[in-house]
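Please put together the full structure from these sequences, using the hints given.
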Amino acid sequence: MSTVPIIRAQSRPGAGESAAQPELARRCLYYMSLMRETEDRIERKLYRQGKILGGVYVGRGQEAIPVGSALHSLPDDVLLPSHRDMAVFFIRGVPLGRIFAQYMGRAAGLTRGRDANMHMGDMSAGIVSIISALAATVPVAAGVALALKYRGTNAVAFSYFGDGATSRGDWHEGVNLATVQKLPVVFVCNNNQYAYSTPLSAQMACANVADRGPAYAMPAEIVDGNDVLAVHAATGRAVAHARAGLGPYLLECKTFRMTGHSAHDGAQYVPPALFEEWAKRDPITRLEQEMIEQGWDDRAAIDTLHAQVRAEVDAAVAWADERPYPDPATLLDGVYEVD
Amino acid sequence: MPTTYLEAIREGLWEEMERDPNVFLIGEDIGVYGGAFKVTDGFIERFGERRVVDTPISEAAIAGAAIGAGLMGLRPVAEMQFADFISCGFDQIVNFGAKCRYRWNAAVPMVIRAPSGGGIHGGPFHSQNPEMWFVKTPGLKVVAPATAYDAKGLIKSAVRDNDPVIFFEHKALYRRIKEDLPSAEFTVPIGKARVARPGRDLSIITYGAMVWVALEAAEKLAEEGVEIEVVDLRTLLPLDRETVCESVKKTSKVLLLHEDTRTGGMAGELAISITEAVFEHLDAPIVRVTAPDTPVPFSPPLEEAFLPNAAKVIEKARWLNKY
Chain E
1 MSTVPIIRAQ
11 SRPGAGESAA
21 QPELARRCLY
31 YMSLMRETED
41 RIERKLYRQG
51 KILGGVYVGR
61 GQEAIPVGSA
71 LHSLPDDVLL
81 PSHRDMAVFF
91 IRGVPLGRIF
101 AQYMGRAAGL
111 TRGRDANMHM
121 GDMSAGIVSI
131 ISALAATVPV
141 AAGVALALKY
151 RGTNAVAFSY
161 FGDGATSRGD
171 WHEGVNLATV
181 QKLPVVFVCN
191 NNQYAYSTPL
201 SAQMACANVA
211 DRGPAYAMPA
221 EIVDGNDVLA
231 VHAATGRAVA
241 HARAGLGPYL
251 LECKTFRMTG
261 HSAHDGAQYV
271 PPALFEEWAK
281 RDPITRLEQE
291 MIEQGWDDRA
301 AIDTLHAQVR
311 AEVDAAVAWA
321 DERPYPDPAT
331 LLDGVYEVD
Chain B
340 MPTTYLEAIR
350 EGLWEEMERD
360 PNVFLIGEDI
370 GVYGGAFKVT
380 DGFIERFGER
390 RVVDTPISEA
400 AIAGAAIGAG
410 LMGLRPVAEM
420 QFADFISCGF
430 DQIVNFGAKC
440 RYRWNAAVPM
450 VIRAPSGGGI
460 HGGPFHSQNP
470 EMWFVKTPGL
480 KVVAPATAYD
490 AKGLIKSAVR
500 DNDPVIFFEH
510 KALYRRIKED
520 LPSAEFTVPI
530 GKARVARPGR
540 DLSIITYGAM
550 VWVALEAAEK
560 LAEEGVEIEV
570 VDLRTLLPLD
580 RETVCESVKK
590 TSKVLLLHED
600 TRTGGMAGEL
610 AISITEAVFE
620 HLDAPIVRVT
630 APDTPVPFSP
640 PLEEAFLPNA
650 AKVIEKARWL
660 NKY
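Protein chains in written order, with the working numbering: chain E, 1 to 339; chain B, 340 to 662.
Don't read these hints as lab results, they were simulated from the structure.
Positions of the beta carbon are idealized from the N, C-alpha and C atoms, including for glycine.
Don't take every hint at face value.
To be verified - Estimated spans, in silico, between C-beta atoms of each pair: (1) G50/E x Y372/B: 57 to 67 Å; (2) D380/B x A215/E: 28 to 38 Å; (3) Y372/B x D211/E: 31 to 41 Å; (4) A244/E x E384/B: 43 to 53 Å; (5) S426/B x F275/E: 36 to 46 Å.
This is how it looks when you write it as structure tokens:
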């Protein structure tokens, strides 16, 4: 018998339970709206206009996960977002214009045109770039956490991945090392139930990603990944555990990928009923309803917030579109440190 | 007292750990046990578990954790128990670690030590020379010392380097070669070849354990009046084409030698580099002595037939000298 139970259906603060909830809800709504608007602009406009080439992957419908979790990060924490965690970049202060420049292959992008889309990082913002091989960031997160512990800090690493990534050996090796060494890692899974076209049932024989936790003697919690305040509350427990030096914590956020794998994928393999069902649980709509029902904000205030977000995105796109492409003369630069 | 190749690596690591508190070791059986070859014996007693991290059997996790710690500004030295197992961490090294600087301007100071090479009856999975998997990966540096002096000087430079370095240390040299090392501190620069023996008649370009095979062949041929120049590459990536070409300009004849298998080996890259730069100086075809394109066999007569040796080099060098 495992001594580490899987935690389910934890309560979260509701109306009146925390004076900070209305302000937290506003911040969550802002970042979720910014992520939705940014990715809609990327996928549904700039990509279709041919201003963004290559692969485009979005986290539509999953915004609550990066937002609810990353809002717990402190300046010295380090985050390793997956390709569906755009909001992590906003929360860590990466300028929106540079993100659009990244997608548009401009020199002002985070990779100066060397890599595309979500393949970006910035150690000064505490963000490690993903690579295309999924779960490759998991052992790296263990190493980041090892360094945080080595230096005697109580900072933590946030390691993000999807359900499909948990099939890879790198995931298991990284998790195993983190648990054996009791490293401060919060593992955040966005279980969106599809890995490209592969449904969860063909990905793993266990019912939940959290079921993998007890095998590593790691606390694992299942949370409604479309309820941003629930994700926030659960992340609070996970971060407290890791900061206290008790080792890693696995958070499985149940959600649904409301798009294809990438912009070119129509996702005809997903039963339409699933999209309809999950559309009713949209994290942004749900939070708005709660804010109105609880009297934290009215519809007009929420509409104003969305309008501000659109204006912010408009300005960032305009700025990025004026940035130059990288000079081909820089092709050879930066493979190695220059003495 | 002379220092062995193994002891030289150990001394280099020890000095770097004494010098810089950001340097730490990570790998399998390196702490309490002291490493499969005892390179890190005694380190855990001196530096403690914090700086000598024993890991599960997890090459991908070792490589990935070294990358993560390197990104954070530490200087990890990861040990692959045998270079053969580095394939288990391949994606981390070539796709993650090697590309960070170019992609997003993130430095990954990291050394991966890889005990490589045959001649120890290790069979197909304890004898390989997998350097070319990494030589063709921009962003990595690949080092393969032949002498105790270079082993110490290069491991120290590798630890101080701000890019990922794969450090191939040849197992057959560990306790077989030794020399007196300076008592004062020294380093050897990465990316610089050396002339191990000057000569006028032909050049043998080689690295690692084969430097000693080349020197043995050169000694014997000197008795026949043939003066061979031996160039020890020391670093395979970035490659010191300048030193190689200087030697070719001097001797006009080239024999390329490596213990690695033939197709896609270092000899190919050297041959084209020489042709591109100093073709007009050549007086003969470029020739090579390498292992054949097979896995490394176990049984002694098979392994002996597989490995290049002085006799094979002498035969080829005589032909080349007469050309």
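Among the hints numbered above, which are violated by the structure, and what are their numbers in rising order?
4
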